[in-house]
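A.B. asks: In the order they appear, the protein sequences are chains A and B.
So that you can map any letter, position 45 of the first sequence is 45 in our numbering, and since no number is skipped, the others follow by simple counting.
So that you can map any letter, position 224 of the second sequence is 224 in our numbering, and since no number is skipped, the others follow by simple counting.
Treat the hints with care, as some may be off.
[Stated by the list, open to error] One side of the interface only, derived from the structure: several residues of chain B facing chain A at Cβ under 8 angstroms:
1. 62
2. 79
3. 81
4. 87
Derived by calculation from the structure, the hints in this document are not laboratory data.
Predicted model, so just to flag it, every value in this text is computed and none were measured.
Using N, Cα and C, we set each Cβ at its ideal position, and we do this for glycine too.
Listed below, chain by chain, are the residues.
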Amino acid sequence: MTAPTRSSPGRTWRRPPALIKSPAWRIVIYGCAAVYLAAAMGSVELDWARISQGLERGARFAEGFLTPNFTTRSRDIWQGMVESITMTVTASVVGILISVPIGIGAARNIAPFPIHSLCRGVIAISRAFQEIVIAIVFVAMFGFGPFAGFLTLSFATIGFISKLLADDIEEVDEAQAEAIRSTGAGWWQIVNYAIQPQVMPRLIGLSLYRVDINFRESSVIGIVGAGGIGATLNTSMERYDYDTAGAIIILIIVFVMLAEYSSSHIRRWAQ
Amino acid sequence: MPVAPRNGQRVWTRRTHAAEWTVWAGWFALAVLFVLSWQVMNERTIWAFVQDAPRQGADLLSRAWPPRWDYVDNLWRPLWDTLNMATLGTLLGTALAVPTAFLAARNTTPSAFLLRPMALFVIVSSRSINSLIWALLLVAIIGPGILAGILSIALRSIGFIGKLLYEAIEEIDETQVEAVRATGAGRSQIIDYAIVPQILPAFAGMTVFRWDINIRESTILGLVGAGGIGLQLQSSLNTLAWSQVSVIFALILATVIASEWVSSRVRRAII
């Protein structure tokens, strides 16, 4: 064994810094962060009178949340929920159907350069704006209601699925494609026999995950007029009808949990 | 192993008969659901507006172009507010998410029967409600302004960071905990010396990632009155000033791209 180590006086173990190794950079970065924080905190305007007023309202809201009222506006809630689910289903199916060819086109290893850059452009546009911004434009173009929501969610789905599918195709095992190619297979046959079996499990997983996201988003885009449960929630908040709002929020939480649980369950089963 | 008799011989098949029928029934149910949803959506859509869409779109474009670039001078202050909302909200959300995650992780929770389910419930409900809905509630309670935005960003971030962090805590290498415990370390020392160093890089990565998402979300929180550039967007939309809307969209796009660049650089530096 090694010789017993002598404890050297004057030298104690000091814990190495966690994230930033160089001391100079550490001072600079932490200093900048402190200055920024001070400036940012200073820009927050607090109106204590309004807040104390609001606390009473907050208490009423908490009360509404604890005693949710599902019955009075049950027709509106039902309609909003049906619209949300409708938008989720149609947008997921259509969005995924469109995003598969775009995803294939955006993969560098199987698509020629012009198609690749075109499809990557579509993906970039779809990903750059979040759903609400797209919903604003679509509501202005197509009028209020679930159709605008359907288009918004389909558009957002295309960006999400195509990007991840294309990245996945770019990372496939080239040896399998090579093997299929050496049998004299054409482009379609390579995609069908070499690429598709490798990316299919992940595509199914991503699709189910996207269904989950689409439902969450469908509960929000109603706020700008694209139909769904978000519109019902917005209306009930504007009426100060906190009991109904509480009921809607509870419903959203329950449905999101259900969607998340069942999608992860199906994903585990399908993969 | 699933085998099926064919021409008197037992042949390997991918699935059993029952599984095949289940898969087929699943696809059939999806098709039926899609058709039903499509019908519901058709009923609630005013098709006259949809047919009008190309004209509306062209009209919108002609009004939005050219953008009123000098309007950008009114936007710097809201943009600063937006960035502050995202950053302060991320910090607050992270500060709340860390204890929640330690309570929720199976290997660090003080009580698996009481505190762990509570912490998990906090995480799930925070994740289910979009920050825009949080903002809708908080604006009603504490009044419009940047504070409502900060709080709604924070409330949404708890679930995101809490979930990823507690999963990271549950996946740590237990032998390091064992080693530190063998030195006679107490509970907090174990967390400090055995757990924190293992999760710190992942934690920093997910915080920066959430900050990037929060920048996107904070740009639209103003639509419901929670401060930032969304307020300007809302007032421009209300006055149908589409040439200002296009400037705001351009600025949001630039901000989002910049924050994505920053976050990917920082994450690459950390991980």
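A.B. asks: For this structure, which hints from the list above don't hold up?
C.D. replies: 1 and 2
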